[in-house]
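Number of protein chains: 2
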Amino acid sequence: MKRHRLFTPGPTTVPESVLLEMAQPVIHHRTEEFIAIASEVFQNLKYVFQTENDVFILASSGTGAMEAAVVNLLSPGDKVIAISAGKFGERWVSLTKAYGCQVKVLEWEWGKHFAMDVLTESLEKEPQTKAVFSTLCETSTGTAFDVEQMGKIVSRYKETVLVVDAISSLGAVPCKTDEWQLDVVVTGSQKALMLPPGLSFISLSPRAWSLVENSRMPKFYFDLRKYKKVLEKNDFPFTMAVSLVVGLRQSLDLIREKGLEKIWQEHSLRAEATRQALKSMGLKLFSESPSDAVTAVWLPEGIDGEKLVREVRKKYGISIAGGQDQVKGKIVRISHLGWQDEFDVLTAIEALATGLLQMGWQVPVGEAVDRACRVLFS
Amino acid sequence: MKRHRLFTPGPTTVPESVLLEMAQPVIHHRTEEFIAIASEVFQNLKYVFQTENDVFILASSGTGAMEAAVVNLLSPGDKVIAISAGKFGERWVSLTKAYGCQVKVLEWEWGKHFAMDVLTESLEKEPQTKAVFSTLCETSTGTAFDVEQMGKIVSRYKETVLVVDAISSLGAVPCKTDEWQLDVVVTGSQKALMLPPGLSFISLSPRAWSLVENSRMPKFYFDLRKYKKVLEKNDFPFTMAVSLVVGLRQSLDLIREKGLEKIWQEHSLRAEATRQALKSMGLKLFSESPSDAVTAVWLPEGIDGEKLVREVRKKYGISIAGGQDQVKGKIVRISHLGWQDEFDVLTAIEALATGLLQMGWQVPVGEAVDRACRVLFS
Numbered sequence: 000m001k002r003h004r005l006f007t008p009g010p011t012t013v014p015e016s017v018l019l020e021m022a023q024p025v026i027h028h029r030t031e032e033f034i035a036i037a038s039e040v041f042q043n044l045k046y047v048f049q050t051e052n053d054v055f056i057l058a059s060s061g062t063g064a065m066e067a068a069v070v071n072l073l074s075p076g077d078k079v080i081a082i083s084a085g086k087f088g089e090r091w092v093s094l095t096k097a098y099g100c101q102v103k104v105l106e107w108e109w110g111k112h113f114a115m116d117v118l119t120e121s122l123e124k125e126p127q128t129k130a131v132f133s134t135l136c137e138t139s140t141g142t143a144f145d146v147e148q149m150g151k152i153v154s155r156y157k158e159t160v161l162v163v164d165a166i167s168s169l170g171a172v173p174c175k176t177d178e179w180q181l182d183v184v185v186t187g188s189q190k191a192l193m194l195p196p197g198l199s200f201i202s203l204s205p206r207a208w209s210l211v212e213n214s215r216m217p218k219f220y221f222d223l224r225k226y227k228k229v230l231e232k233n234d235f236p237f238t239m240a241v242s243l244v245v246g247l248r249q250s251l252d253l254i255r256e257k258g259l260e261k262i263w264q265e266h267s268l269r270a271e272a273t274r275q276a277l278k279s280m281g282l283k284l285f286s287e288s289p290s291d292a293v294t295a296v297w298l299p300e301g302i303d304g305e306k307l308v309r310e311v312r313k314k315y316g317i318s319i320a321g322g323q324d325q326v327k328g329k330i331v332r333i334s335h336l337g338w339q340d341e342f343d344v345l346t347a348i349e350a351l352a353t354g355l356l357q358m359g360w361q362v363p364v365g366e367a368v369d370r371a372c373r374v375l376f377s
Numbered sequence: 000m001k002r003h004r005l006f007t008p009g010p011t012t013v014p015e016s017v018l019l020e021m022a023q024p025v026i027h028h029r030t031e032e033f034i035a036i037a038s039e040v041f042q043n044l045k046y047v048f049q050t051e052n053d054v055f056i057l058a059s060s061g062t063g064a065m066e067a068a069v070v071n072l073l074s075p076g077d078k079v080i081a082i083s084a085g086k087f088g089e090r091w092v093s094l095t096k097a098y099g100c101q102v103k104v105l106e107w108e109w110g111k112h113f114a115m116d117v118l119t120e121s122l123e124k125e126p127q128t129k130a131v132f133s134t135l136c137e138t139s140t141g142t143a144f145d146v147e148q149m150g151k152i153v154s155r156y157k158e159t160v161l162v163v164d165a166i167s168s169l170g171a172v173p174c175k176t177d178e179w180q181l182d183v184v185v186t187g188s189q190k191a192l193m194l195p196p197g198l199s200f201i202s203l204s205p206r207a208w209s210l211v212e213n214s215r216m217p218k219f220y221f222d223l224r225k226y227k228k229v230l231e232k233n234d235f236p237f238t239m240a241v242s243l244v245v246g247l248r249q250s251l252d253l254i255r256e257k258g259l260e261k262i263w264q265e266h267s268l269r270a271e272a273t274r275q276a277l278k279s280m281g282l283k284l285f286s287e288s289p290s291d292a293v294t295a296v297w298l299p300e301g302i303d304g305e306k307l308v309r310e311v312r313k314k315y316g317i318s319i320a321g322g323q324d325q326v327k328g329k330i331v332r333i334s335h336l337g338w339q340d341e342f343d344v345l346t347a348i349e350a351l352a353t354g355l356l357q358m359g360w361q362v363p364v365g366e367a368v369d370r371a372c373r374v375l376f377s
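In order, the protein sequence lines correspond to chains A and B.
With numbering that gives the first Met the number 0 applied, the first sequence corresponds to residues 0 to 377, in that order.
With numbering that gives the first Met the number 0 applied, the second sequence corresponds to residues 0 to 377, in that order.
In case anyone wonders, no lab produced these hints; they're calculated from the structure.
Among these hints, one or two may not hold up.
One copy or two, it doesn't matter: identical chains are merged, so the pair holds either way.
The calculated EDC-like cross-link candidates involving lysine to aspartate or glutamate, where the alpha carbons are at most 20 Å apart (straight line), are [said to hold, decoys possible]:
no.	residue 1	residue 2
1	Lys313	Asp343
2	Lys257	Glu287
3	Lys232	Asp324
4	Lys228	Glu123
5	Lys78	Asp234
6	Lys314	Glu31
7	Lys283	Asp303
8	Lys314	Asp234
9	Lys96	Asp222
10	Lys86	Glu120
11	Lys175	Glu147
12	Lys103	Glu231
13	Lys45	Glu271
14	Lys111	Glu265
15	Lys111	Glu15
16	Lys228	Glu147
17	Lys261	Glu178
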């Protein structure tokens, strides 16, 4: 009878109407019925990506779409820049290295505001750079990166494309692919798109496509030329994860119905309410540039974050996320992603406060809730 | 109100109990609850694969697991042999070529019985061959390959591994990984495992692992060393498609409950009943070595197979598969995979017969059903 609530930055809560759509009998992927669904989904993905570019669907986790970016754009030995300020920035580094690129790593302290000059200087020093890899929201630290500004900088270099990992934030915070000149944008299904994990998505600008045509990287499953070839027919080169796409149609319908502007606004409000509540609890935010997708917060000295997360989940069925790698046990992260309302935000705050109280740390729960309410219901 | 029935060789019908399991609220992939499910699933996969080797789960279509075999076992320039007698044999050829292997293609006429001598001779001529790629059931032609015999031949070469694409047949027909010395076996979720598409599986023998350690192929998402590293903890290196794994637990439970021997027997009976019925309708089987997973049959001269498949689906909601590539429009294929009983077999036969009748070809429907019943209910 225990309730389960997800405040992890993926997977996130899937609306019941989406779960029930996916529980319908499976349909074949090469039927008129499924092709009509795929067609609708491809259109709505363009809306969510804010782009006129093609958006491709892959049956894989988000990392699959990140790999697709690397193997389709580049060739072995290519010079690239990767901004690394967290676990997912690091993934761009590992990925491009695994494929033999020469990676200039712009290592940046976790949670700190990224100074755009560093990127400008690196590009000036190495104008032969083929691609710049960044994240929109670094999930491991709850930090937002100004990819709009990066778009302005990178687009000055005609031979360089900007690749953005928007996995934990597309659909939650503004990501204006075309307007901001983001050549490649990657996301996953289990975040703001309110689906279970298993699908990933990638959009490519015409400039990015010109790189694809010259790429000499070996590839097959993630070879986007194969996907492009059948896209016009709303088809896929390999058997698609049909039940997830059927769910996606429903979740994208929900997003269109509410409208992206409103959804961004709501995420922003939920994040601000959480931040204010946490501050009123005497906690310090981990990030200097907090993202509205996920909030990371330092725990008080002596509180074991791993234990806190475990206890809150075990006792109350409420999942918040701990820290990873260098901040393991030291921070917790609360996601604002996807299908949440004001009372869910309060629940997350109350759960964290209760967990801390039970570990002996005095928290003014009511005051925190009060602060959050003033933001949420103003 | 229309009923929908799948007789395609993937996706296949998913039992309601599996659909409903997957419609439960999504759980986080790094919780005790999910790890317990994963642990059960990994154990039961060994049973279905008939192996003591590790079986890995990938979030991808079956082709992803095929690619995992290629990029983990081999290095650029390696000599390999690929048996190509249909669309999926061809996939091994394209895949190994895409990754720069030297491929000796054993091209074989679609649907014909594969002469094992050809493999023996090729290996004798080129003992430096690193891997032999075959299919267990070539889905595009409904043809069974004697991979047991291949295991005997290939295992004589200490430097060569046998890789089997069992995507459309593992769990439907015998595939005794360890007993038959199949070094690598690959399958997908949407066939005999009675799940929607989106997961693939791969097992590796110790001999195959020794190749993995020396492979110089670039890889990341399909890098099995990453999966192996966390397997002991029943974890995955990338966010797993949790809802599909939750469904898999249920479908593997169903399989264990009935038992593989009984399931193989039932597939065999369904296939035999279908073959006899088709013959009594005056139709000729496409394959000389028909698989019990899927039956391919020539259509009478002048019957447009594409239209037949389309009409039967449109009018009656019944999906049978057409031919692909060189046999497009000339054959149809009826799957016996997964969750079917005797009356489903009769339905498939009746649907094909009715479709043919309506296209002007005289078919003795009753006689066909009679023949099938004698096999099914004897």
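Cross-check of the supplied hints:
When the C-alpha separation of Lys313 and Asp343 is checked against a cutoff of 20 Å, the pair qualifies only within one copy, where the shortest distance is 18 Å, while the shortest distance between copies is 45 Å. With identical chains, the CA atoms of Lys257 and Glu287 are never at most 20 Å apart, being 30 Å at best within one copy and 57 Å at best between copies. In this homomeric assembly, Lys232 and Asp324 come within 20 Å of each other (Cα to Cα) only across copies, at 17 Å, whereas the closest approach inside a single copy is 44 Å. Taking the shortest Cα distances, Lys228 and Glu123 never come within 20 Å of each other, neither inside one copy (37 Å) nor across copies (40 Å).
Taking the closest pair of Cα atoms, Lys78 and Asp234 never come within 20 Å of each other, the shortest separation being 34 Å inside a single copy and 34 Å across copies. When the C-alpha separation of Lys314 and Glu31 is checked against a cutoff of 20 Å, the pair qualifies only between copies, where the shortest distance is 13 Å, while the shortest distance within a copy is 48 Å. Taking the shortest alpha-carbon separations for Lys283 and Asp303, only the intra-copy value of 16 Å comes in at or below 20 Å, while the best inter-copy value is 70 Å. Within a single copy, Lys314 and Asp234 get their C-alpha atoms no closer than 46 Å, and across copies no closer than 23 Å, so neither meets the 20 Å cut-off.
Taking the shortest Cα distances, Lys96 and Asp222 sit within 20 Å of each other both inside one copy (19 Å) and across copies (14 Å). Proximity of Lys86 and Glu120 under a CA criterion of 20 Å is satisfied in neither setting, with 24 Å inside one chain copy and 51 Å between copies. Taking the shortest Cα distances, Lys175 and Glu147 sit within 20 Å of each other inside one copy (8 Å), while across copies they are farther apart (55 Å). Proximity of Lys103 and Glu231 under a CA criterion of 20 Å is satisfied in neither setting, with 37 Å inside one chain copy and 35 Å between copies.
In this homomeric assembly, Lys45 and Glu271 never come within 20 Å of each other (Cα to Cα): the closest approach is 28 Å inside a single copy and 49 Å across copies. Taking identical chains as interchangeable, the C-alpha atoms of Lys111 and Glu265 are never at most 20 Å apart, the minima being 25 Å within one chain and 62 Å between chains. Neither within a single protomer nor between protomers do Lys111 and Glu15 lie at most 20 Å apart by alpha-carbon distance, with minima of 38 Å and 50 Å respectively. In this homomeric assembly, Lys228 and Glu147 never come within 20 Å of each other (Cα to Cα): the closest approach is 30 Å inside a single copy and 38 Å across copies.
Taking the closest pair of Cα atoms, Lys261 and Glu178 come within 20 Å of each other only inside a single copy of the chain (19 Å); across copies the shortest separation is 60 Å, beyond that limit.
The structure shown violates the earlier hints numbered 2, 4, 5, 8, 10, 12, 13, 14, 15 and 16.
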